[in-house]
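Same order as they appear, the protein sequences are chains A and B.
Using full-length UniProt numbering, you'd call the opening residue of the first sequence number 1 and step up by one each time.
Using full-length UniProt numbering, you'd call the opening residue of the second sequence number 1 and step up by one each time.
Quick caveat, the hints were computed from the structure, so don't treat them as lab data.
Among these hints, one or two may not hold up.
Same chains, same names: a pair is fine if it fits in one copy or spans any two.
[Stated by the list, open to error] Taking lysine to any residue and the SDA-like style, the derived pairs with C-alpha atoms no more than 20 Å apart in a straight line are: (1) Lys369 x Ile256; (2) Lys108 x Ser64; (3) Lys400 x Asp334; (4) Lys175 x Val165; (5) Lys400 x Ala381; (6) Lys175 x Ala333; (7) Lys368 x Leu318; (8) Lys175 x Gly155; (9) Lys317 x His263; (10) Lys174 x Arg77.
2 protein chains.
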Amino acid sequence: MRIAILGGDGFVGWPTSLHLSSLGHEVHIVDNLSRRWIDTELGVQSLTPMDSIQERCRIWKEVSGEAIRFHLLDLARDYERLRQWLAEWRPDAIVHFAEQRAAPYSMKSDRHKVYTVDNNVNATHNLLAALVETGIDAHLVHLGTMGVYGYSNVGAAIPEGYLDVEIENLEGEKKGLEILYPTRPGSVYHMTKSLDQILFQFYAQNDGLRITDLHQGIVWGTHTDQTRRHEQLINRFDYDGDYGTVLNRFLIQAAIDYPLTVHGTGGQTRAFIHIQDSVRCIELALRDAPRAGDRVKIFNQMTETHRVRDLAELVAKLTGAQVKYLPNPRKEADENELIVRNEQFLALGLEPTTLAEGLLEEVVDVAKKYAHRIDRSRVPAVSAWTRDIAQRVERDPEGKALKSVS
Amino acid sequence: MRIAILGGDGFVGWPTSLHLSSLGHEVHIVDNLSRRWIDTELGVQSLTPMDSIQERCRIWKEVSGEAIRFHLLDLARDYERLRQWLAEWRPDAIVHFAEQRAAPYSMKSDRHKVYTVDNNVNATHNLLAALVETGIDAHLVHLGTMGVYGYSNVGAAIPEGYLDVEIENLEGEKKGLEILYPTRPGSVYHMTKSLDQILFQFYAQNDGLRITDLHQGIVWGTHTDQTRRHEQLINRFDYDGDYGTVLNRFLIQAAIDYPLTVHGTGGQTRAFIHIQDSVRCIELALRDAPRAGDRVKIFNQMTETHRVRDLAELVAKLTGAQVKYLPNPRKEADENELIVRNEQFLALGLEPTTLAEGLLEEVVDVAKKYAHRIDRSRVPAVSAWTRDIAQRVERDPEGKALKSVS
Ligand SMILES: NC(=O)c1ccc[n+]([C@@H]2O[C@H](COP(=O)([O-])OP(=O)(O)OC[C@H]3O[C@@H](n4cnc5c(N)ncnc54)[C@H](O)[C@@H]3O)[C@@H](O)[C@H]2O)c1
Ligand SMILES: NC(=O)c1ccc[n+]([C@@H]2O[C@H](COP(=O)([O-])OP(=O)(O)OC[C@H]3O[C@@H](n4cnc5c(N)ncnc54)[C@H](O)[C@@H]3O)[C@@H](O)[C@H]2O)c1
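Pulled out of the complex, with its shape left as it was, chain A reads as follows:
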């Protein structure tokens, strides 16, 4: 298949590109490299030394014999070029990773909120409009997030995208109705994924676009079978307070003798998936394309859930690190349950790589190897969700008031 990987220079996009290329697909990466620019803006860098995308593609050709082509294109700003590129190249499938994806970054300031909404909504909608306009019947696979549901405390398992509800009609009879599982996003970033859902629903219904939306958990780990093949194919690894995600951050903190920083009580339960499983899920989703006229196919792309403080304790036991409780910069419930259904990927053959599998140590090894590249001042999370929270965090940066809670 001819596959376009939008956002293919990113943390999940790059290993996905390699994985699909190694399966024999013709892979083209489209990216505006905004993520690299954000590193520059924040004054941080990937823990792992990451080559330019052009260099990475060159090395992959050397190592595998397969070509991956790169196109510099901003999906949100260059609608005309996007449409022309699609019309010329006519992909069979498109994997869409190209959005600003950090919740803390999206809450940093008004400018960051405005950027995230503008970038993410326009990137996704431009793509949909261009597919309709060019009449390309490609299967679109989009990366969404489990976070749209806002980790609510209903105590029910989160289904794969849809919910059957009953509505009472005028005769007092109950009528069944299938709706999108209601979202309750907790950050501007998560909100954009909730908006994406509605864009997809409309374009599937109005234009028969074939769309799969993967509601992904937090991705951990760094290597996949392909990134291991050459030092210069290494994946990016974010550890800073904005882009570093919780489990990977704990592993890095452990590697540099930094206390594992838990926000609030650490009672938040989150869904996780290893990067190797993430790329495998995308392969599986691509094989299971919906047909024109089908509703949007939604998968929960995760393999296990954990409470944040349990993860911290697990990593502490493994590495001897300290755990430190800090005020939570996010506006969210202190504690939540999270039960997630993921039967669809299991039925398609996914064999989960769980935390128990020993890969945690591999990540600590990577972190130790590159520990000299870490700027310790960039490890704390600083974006506060509201002004009140920002003041609270400032008054009590060490979380003294929290001790009693945890």
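Once you have looked at the hints, place chain B with the ligands on chain A.
This is chain B with the ligands only, laid out in the frame that chain A set:
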């Protein structure tokens, strides 16, 4: 109160500005005049001769002694100026009309889809981000549409914004959950209003913004008590295939001996409200502001529902016009029921001006008075929802194949 009217140069915004000004409020209009530019793009003009906004404000001052100030500002593109303006002027309330509001225009081409999403989502989100950033605790009243619900055929009355559903938890118990009434938008324009809902839900929850969302029916009529006060205060009146809405279009068609063009079987049921009631509802909504921490307050702003073919017959009877059935350029069900709850506005004192009230003739009189300004070639609706529909309409422009259906 100091009230900012965003989109105050438009069809509902202008009479709202006059109405609130005549009640003694300090009114400032913000508009980028994009609607006037779209007239130029489409080569159409308001049926009624409409002065510049500056001239209209000057006349209002002459007639009423009250000042209305105008600010040229693009909410979607000038975030920084919007924020500065708010910070300086600090309104007590904001009425937000400033969006591209025609479904047919939003479906005209890929460029129009892209413009509508970009303009509407960014306008609304920029406003929300600026309110949080400036710390202004203004009551925000937004104009949404009944159309977000997609006129589904559940046979249940559409409630005012929310639905109680039951979710089965892991112990098999049913737990109640209040959700936004699920939307099913039928055009890119309606989709943007569905996106707005999610923006509002987030900012009310995260930042305590006080927001009212008015899900409005189709507005008909042209005069209000204030626009009648001077020829140059006249309201705009759209009759073209993109911006003219169904009842007003029938009345204009009748005035120029054009057949009343019904799309499809005319079995679509729609919700309606007279322009005088629309401005009165906004006054009522402003008085009934939610408190910080409240969920978004949602009203159905409509007074009656009618089937399109019944309206056509009513206008035909009143004026002697012909009714003509044409292929429907929209992708929608041929026939739908629509029952809408609107107890909230009635409880606040709204006294509906219904079609029966004789105001239909006033509109026909206005149409006749300015009939010489009508370009008959602009009356047909030409934007088709999909390529297939466009071809069908082209093959059978006279709707011959429809005769059997209607
Ligand atoms: N990493 C996770 O834990 C995680 C979890 C759930 C969901 N996701 C989703 O998976 C996707 C990929 O995540 P990631 O961690 O690889 O993110 P990333 O930031 O590393 O990669 C995103 C890539 O998209 C590019 N991009 C952004 N906006 C663009 C635009 N307008 N035009 C062209 N390119 C653009 C960036 O330059 C970057 O290379 C995202 O959509 C994210 O929301 C990620
Ligand atoms: N007219 C109806 O029948 C109807 C029905 C339901 C809902 N509504 C809603 O009511 C609101 C007003 O409708 P209307 O009929 O008065 O529309 P309109 O097009 O006449 O007025 C909208 C005004 O907003 C301005 N505007 C648009 N984008 C802007 C931007 N980015 N920055 C600043 N100004 C901008 C336009 O120039 C215009 O003056 C709309 O939001 C519409 O969706 C209207």
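Going down the list of hints, with the structure as the test:
1. Lys369 x Ile256: This pair counts as within: shortest intra-copy Cα distance 10 Å, inter-copy 81 Å.
2. Lys108 x Ser64: neither (41 Å within a copy, 46 Å between copies)
3. Lys400 x Asp334: Classified as within: same-chain Cα gap 16 Å, cross-chain 64 Å, threshold 20 Å.
4. Lys175 x Val165: both (8 Å within a copy, 12 Å between copies)
5. Lys400 x Ala381: within (17 Å within a copy, 66 Å between copies)
6. Lys175 x Ala333: This pair counts as between: shortest inter-copy Cα distance 19 Å, intra-copy 34 Å.
7. Lys368 x Leu318: Within one copy only: 14 Å inside a chain, 84 Å across chains, cut-off 20 Å.
8. Lys175 x Gly155: between (25 Å within a copy, 9 Å between copies)
9. Lys317 x His263: within (19 Å within a copy, 70 Å between copies)
10. Lys174 x Arg77: neither (46 Å within a copy, 46 Å between copies)
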